[in-house]
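Undergrad: In order, the protein sequences belong to chains A and B.
1 is the number of the first residue of the first sequence in my numbering; add one for each residue after it.
1 is the number of the first residue of the second sequence in my numbering; add one for each residue after it.
These are computed hints drawn from the structure, not numbers from a lab.
Think of the CB as a built atom: it goes at the ideal place given N, C-alpha and C, for glycine as much as any other residue.
Hints are not guaranteed to be accurate.
As the list claims (entries may be wrong) - In silico DSSO-like links for lysine-lysine, alpha-carbon gap of 30 Å or less:
1. K92/A x K57/B
2. K5/B x K192/B
3. K21/B x K87/A
4. K103/A x K31/A
5. K243/B x K93/A
6. K92/A x K239/B
7. K243/A x K243/B
8. K87/A x K125/B
9. K93/A x K320/B
10. K243/A x K127/B
11. K93/A x K245/B
12. K320/B x K127/B
13. K65/A x K51/A
14. K46/B x K31/A
15. K125/B x K5/B
16. K57/B x K87/A
17. K320/B x K65/A
18. K21/B x K46/B
19. K87/A x K245/B
20. K65/A x K87/A
21. K57/B x K93/A
22. K320/B x K87/A
23. K239/B x K93/A
24. K320/B x K92/A
25. K243/B x K92/A
26. K93/A x K65/A
27. K57/B x K243/A
28. K87/A x K51/A
29. K127/B x K92/A
30. K320/B x K243/A
31. K103/A x K46/B
32. K239/B x K103/A
Claimed, not checked - Here's a subset of chain B near chain A, in silico, CB distances under 8 Å, partners left out:
33. S32
34. L36
35. N37
36. I40
37. R42
38. F132
39. A166
40. G169
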Amino acid sequence: MSWLEKIMPSQIRTESAGKKAVPEGLWTKCKDCGAVLYRAELDRSMRVCPKCASHQPVAPRERMKLFLDEMELVEITGGLEPRDPLKFRDSKKYRDRISQAQKATSEKEAVLGVEGTLKGMPVVVCAMDFRFMGGSMGSVVGEGFVRCVNTAVSRGLPMIAFVSSGGARMQEGLLSLLQMGKTSAALTRLADAGLPYIPVLTHPTTGGVAASFAMLGDVCVAEPGALIGFAGPRVIEQTVQEKLPEGFQRSEFLLEHGAVDLIVDRRELRDRIHNILAILRHVKPAEPDASRPSAANSPAG
Amino acid sequence: MQKKKLDYLDFEQPIAELAQKIEELRFVADGSEVDLNEEIERLEVKSRNLTEDIFAKLGSWQVVQLARHPQRPYTLDYIDALFTDFEELHGDRHYGDDPAIVGGLARLDGHSVMVIGHQKGRDTKEKVYRNFGMPRPEGYRKALRLMQLAERFNLPVITLIDTPGAYPGIGAEERNQSEAIARNLFEMARLKTPIICTVIGEGGSGGALAVGVGDHIAMLQYSVYSVISPEGCASILWKSADKAKDAAEAMKMTSASLQELGLIDEIIPEPLGGAHRDYAAVTRTLKDSLSLTLSRLSAMSSDELVAQRYDRWMRYGDYKTS
């Protein structure tokens with residue numbers, strides 16, 4: 001605290017004054033262009049900034065609402081909860097980190113899997129929660145993903161995974177590394193059954209999750225501007241001691257280098273993924289959504 | 001193959017001092033009429049007891065140091081000593097040949113096999129050439145190509161794991177190392193031939209796992225296997241790489257801890273003081289272990305093998321269900 005702050009009466013300190021001036025949650029700021037946005041408007045545009053089209057993070061339950069048809073969803077990953085097999089402790093106990101994340105998100109873990117319909121087509125969808133310990137993959141995320149694959153196989157459905165993760169969960173040690181093998185092995189069954197798998201890489205997709213089920217799609221989709229890569233940019237910069245190229249490890253960079261099939265604006269994901277699945281599965285095309293927002297009628301899209 | 005002069009680690013200093021004393025006595029004894037043999041023998045027993053004492057209670061960080069010992073046998077040392085008729089095969093057929101992963105056709109006890117492993121360098125020049133055993137995407141893709149070649153000709157695959165981890169470089173990302181690693185995990189899970197994986201030194205994260213999905217996972221006694229290096233873990237969770245020792249302990253990355261957690265199948269014992277003290281001894285033990293596993297797995301049909309491998313990988317996980 002500076003001397004100026006110390007002598008100022010606490011009521012007029014700017015940090016607290018700024019917060020009180022605006023009712024909470026009505027306005028929000030775009031993390032990329034800094035535009036002040038009316039929250040309801042941002043929600044209407046699927047949390048894509050109406051000014052600069054930057055894609056803001058979306059939690060799994062909201063993602064399901066945005067992506068799937070409106071109906072009751074059947075949860076596949078319910079009842080899975082993390083344990084602490086290593087009794088891991090760094091500056092904080094793993095147990096405490098878990099309960100903190102559970103409180104903050106009202107979720108049990110960083111993965112949600114459901115069965116629902118996409119423009120009438122039954123599908124299995126798995127989504128990761130970056131708010132929950134950086135969407136890191138421990139035993140529960142691994143098992144949750146496998147349950148989604150197994151449901152897709154037994155019901156004969158395509159699978160879509162919304163990926164968002166910093167990588168493996170260090171607090172579970174080698175077990176978290178082995179989840180990479182587990183999730184990848186599960187996908188061999190989906191492939192054997194001739195069922196399509198489409199991962200959608202969202203910001204950010206890195207580490208052990210990038211190097212397993214995120215990169216094993218029959219068709220690999222990315223949202224615009226997402227950071228996607230195995231090693232983090234800071235580690236790379238420190239290792240190679242040179243400046244990273246412009247846009248390095250962003251979706252557009254990956255597309256240019258042949259690492260993803262296509263980049264799709266979030267507001268078009270329903271139509272485009274349905275179209276891809278419909279062609280792969282030899283079914284008739286669907287009508288475009290009328291009531292949902294699309295990138296086409298937004299100036300920045 | 002093995003240098004005469006041993007490098008001692010910091011925690012081995014008492015052993016080093018004794019060894020020094022023994023050497024001095026030998027030197028004196030050589031040129032004198034006094035019989036020092038008895039004294040030398042006494043010190044040698046003492047040295048062995050001291051080594052046994054120190055090695056009986058190694059901390060995780062000390063095991064990490066042993067796993068990274070500059071004189072530890074590397075993949076090509078084992079290939080030389082264990083296998084016959086080795087033909088090294090190169091390249092991923094797309095971009096290049098990665099010297100950080102070596103592989104090729106060989107025989108083990110006369111049986112045809114494919115052997116693949118990470119390779120570190122011994123001197124500075126070779127270290128750079130081998131990129132310190134950190135593979136680039138070409139390495140994983142070469143490994144996969146060789147494994148699929150093995151599958152076509154019914155050769156079991158033997159992998160030796162010894163890497164600090166995947167190389168965090170610009171080119172490695174441009175050539176999509178995530179996909180290269182992921183593809184190996186996927187294809188190894190369904191490869192229709194036995195895969196035997198042994199961690200011989202450092203099992204570092206995705207770079208290790210990329211040749212680590214198999215039917216049997218063994219570790220040499222003083223090797224380590226972890227999701228991230230202790231230094232990496234410390235700098236993320238403790239915000240300081242100096243806490244690597246604490247991170248090594250917390251991650252339970254030694255063979256003993258991992259066996260206790262039920263994550264590996266076998267610990268292959270090392271000679272007293274570590275593999276680098278006696279190449280011949282560790283080679284014999286490793287060979288016995290590989291032969292035994294190989295004959296067990298070779299008796300199974302490929303369908304049985306793949307189904308069993310699948311079940312084994314599905315079992316990895318520790319979680320609650322309600």
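Undergrad: For which of the previously enumerated hints does the structure constitute a violation, in increasing order of number?
TA: When the structure is compared with the hints, numbers 2, 3, 8, 12, 14, 20, 26, 27, 28, 29, 30, 31, 33, 34, 35, 36, 37, 38 turn out to be violated.
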